[in-house]
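Build out the structure end to end from the sequences listed, making use of the hints.
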Amino acid sequence: MRSGSSKVPSQTNTSLTGPGCDDGSNPCQIKESKMRSFGNTLATAAAGLLMMSSVASATGESVEVFSTSGCGCCIGWIKHMEGAGFEVTNDNLAMADLYARKMKAGLKQDQTSCHTGFVEGYVIEGHVPAASVARLLKERPDAIGLAVPGMPVGSPGMGESDEPYDVLLVQTDGSATVYDTYPQSKDVPVQ
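If you use my numbering, the sequence shown closes out at 201, no skipped numbers anywhere.
Worth double-checking, as some hints may not be accurate.
As the list claims (entries may be wrong) - Below, computed lysine to aspartate or glutamate pairings styled on DMTMM-like, alpha-carbon distance capped at 25 Å:
1) LYS114 / GLU71
2) LYS148 / GLU97
3) LYS114 / ASP101
4) LYS89 / GLU71
5) LYS89 / GLU149
6) LYS118 / GLU130
7) LYS118 / GLU149
8) LYS118 / ASP183
9) LYS118 / ASP176
10) LYS114 / ASP152
11) LYS114 / GLU173
12) LYS148 / GLU74
13) LYS89 / ASP172
14) LYS89 / GLU173
15) LYS89 / ASP101
16) LYS148 / GLU92
17) LYS89 / GLU74
18) LYS114 / GLU170
19) LYS89 / ASP183
20) LYS89 / ASP107
21) LYS148 / GLU130
22) LYS118 / ASP101
23) LYS114 / GLU97
24) LYS148 / ASP183
25) LYS118 / ASP107
26) LYS118 / ASP152
In case anyone wonders, no lab produced these hints; they're calculated from the structure.
If you want it as structure tokens, here you go:
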């Protein structure tokens, strides 16, 4: 306040002086509205990161995939998983060896697809969306894993379609229940 002034200092500005605040001529002036704007920006960024982490929380989880060579839809699914933050390795097997691996993992013939993955002790059979895998790893049910039998159009790696498909939770006894239903190629299950 200037001497002789009875005016109360404004509460909307905060003056900072000292090392690092002087641009060579004037002290830094940080207005409260700018501080609020910065706070809102930080809050928005934090919310965005939190939303992205629902799938990306699986970042760094390693998925070991087995498929036959030349399977383009398998490569499409692998890219989908990598895009969601999973680390994926792919080993090509002869069809008979791949089928034997599926049966050894506890899958039934009608639960199989073109490729088989393993993550943290779970089987991931076929074109299972990354969101369902992330949910599985978060919930950790007592089960063999997840399966999308066949190769439904609209599942990750299989193009786009509005046709719904189910992700099955394969129980330890080999039975299966619907775990997620996807209305199309998006990673947003119908709950």
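Against the structure, the hints:
A C-alpha spacing of about 23 Å is found between LYS114 and GLU71, which places the hinted pair at or below 25 Å, so the restraint holds. Distance hint between LYS148 and GLU97 is fulfilled; the C-alpha atoms sit about 17 Å from each other, no more than 25 Å. Note on LYS114 and ASP101: the hinted pairing holds, with a Cα-Cα distance of about 17 Å set against a maximum of 25 Å. At most 25 Å may separate the alpha-carbon atoms for a hinted pair to count; LYS89 and GLU71 meet this at roughly 14 Å.
Restraint check for LYS89 and GLU149: the C-alpha separation of about 24 Å stays at or below 25 Å, so the hint holds. Of the pairs offered as hints, the one joining LYS118 and GLU130 holds, with about 20 Å between alpha carbons and a cut-off of 25 Å not exceeded. About 23 Å separates the Cα atoms of LYS118 and GLU149, which keeps this hinted pair within 25 Å; it holds. In summary, the hint linking LYS118 to ASP183 is supported, as the alpha carbons are separated by about 10 Å, within the 25 Å threshold.
As the CA atoms of LYS118 and ASP176 are separated by approximately 16 Å, the hinted pair is consistent with the 25 Å bound. Proximity of LYS114 to ASP152 is assessed by CA-CA distance (about 18 Å); at most 25 Å being required, the pair is judged to hold. Our distance criterion of 25 Å between C-alpha atoms is broken by LYS114 and GLU173, whose separation comes to about 31 Å. Simply put, LYS148 and GLU74 have alpha-carbon atoms about 19 Å apart, close enough for the 25 Å limit, and the pair holds.
Taking the CA atoms of LYS89 and ASP172, the gap is about 21 Å. The hint holds against a cut of 25 Å. For a cut-off of 25 Å, the pair hint linking LYS89 to GLU173 stands: about 22 Å separates their Cα positions. A threshold of 25 Å between alpha carbons decides the hint, and for LYS89 with ASP101 the separation of about 15 Å falls inside it, so the pair holds. Taken as a hint, the LYS148 and GLU92 pair is honoured in the structure, with Cα atoms around 18 Å apart against an allowance of 25 Å.
A distance of roughly 13 Å separates the Cα atoms of LYS89 and GLU74; the hinted pair therefore holds under the 25 Å criterion. Taking the CA atoms of LYS114 and GLU170, the gap is about 32 Å. The hint is violated against a cut of 25 Å. For the given pair, LYS89 sits about 31 Å from ASP183 by alpha-carbon distance, which is inconsistent with the 25 Å threshold. As the CA atoms of LYS89 and ASP107 are separated by approximately 24 Å, the hinted pair is consistent with the 25 Å bound.
Restraint check: the Cα-Cα separation between LYS148 and GLU130 comes to about 11 Å, which is no more than 25 Å; the hinted pair holds. Under the criterion of a C-alpha separation no larger than 25 Å, the hint pairing LYS118 with ASP101 is consistent with the structure, at around 22 Å. Between LYS114 and GLU97 the alpha-carbon distance is near 24 Å, which keeps this suggested pair within the 25 Å criterion. Proximity of LYS148 to ASP183 is assessed by CA-CA distance (about 22 Å); at most 25 Å being required, the pair is judged to hold.
For the suggested pair LYS118 and ASP107, the alpha carbons sit about 15 Å apart, so the restraint of at most 25 Å is met. Restraint check: the Cα-Cα separation between LYS118 and ASP152 comes to about 17 Å, which is no more than 25 Å; the hinted pair holds.
Figure legend: structure checked against the earlier numbered hints; hints not met, in rising order: 11, 18, 19.
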